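S.K.: Residue strings, one per chain:
Protein chains: 2
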Amino acid sequence: MFKANITITLRTSILDPQGKATGHALGELGYKAVQSVRIGKYVELEIDAPTHAEAALVAKSACQDLLANSVMEDYHVEIQELVAN
Amino acid sequence: MFKANITITLRTSILDPQGKATGHALGELGYKAVQSVRIGKYVELEIDAPTHAEAALVAKSACQDLLANSVMEDYHVEIQELVAN
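Residue numbers (my numbering), protein chains in the order written: chain W, 818 to 902; chain P, 818 to 902.
Careful, some of the hints might be misleading.
As the list makes no split between identical chains, a pair holds if one copy fits it or if it spans any two.
Stated by the list, open to error - Below, in silico cross-link-like pairs of lysine-lysine (DSSO-like), each with a Cα-Cα straight-line distance of 27 Å or less:
1) K820 x K877
2) K837 x K858
3) K820 x K858
4) K877 x K858
5) K849 x K820
6) K837 x K849
7) K837 x K820
Keep in mind the hints are simulated off the structure, nothing from the lab. If you're wondering where the values come from, they're calculated on a predicted model, not measured in any experiment.
Put together the whole structure using the sequences plus the hints.
M.R.: Shown next, in the form of structure tokens:
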């Protein structure tokens, strides 16, 4: 069993209003050190696959087919093996 | 300048309807290997701080004050240094 940790972010050329609003709110709270905020999605998948490579393949095609919008978003997949108890 | 990569996830005891719906949709698309899906938020902060430790402190208090709901969510912060061009 493998776990895929997927981060999905808006491409840098795309305006991120949610991040802008959060950055503004942090500024109001006194977080002057925070220069920019961008917000994306984080998806954890548990994948039943025989090998690390096959789990990565499943996770990447799930991103392409459903999880990410490839026109405006980038995704990054990290696979870790879950050790059975 | 540092970059904080923050993942915010629902605690495992909390039901994640968005993850359940996505898992169901992946099943319909034929992703039988995907056993479970949980969805969270991903936040990237650019923090102007003198040291790694101070950047981590800023990111963690931003999570506590605004980004995460500490009753139902857990957060994980990773700090990396941005090399100036």
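S.K.: Could you tell me which of the hints above the structure violates, numbers in ascending order?
M.R.: Violated hints: none; all satisfied.
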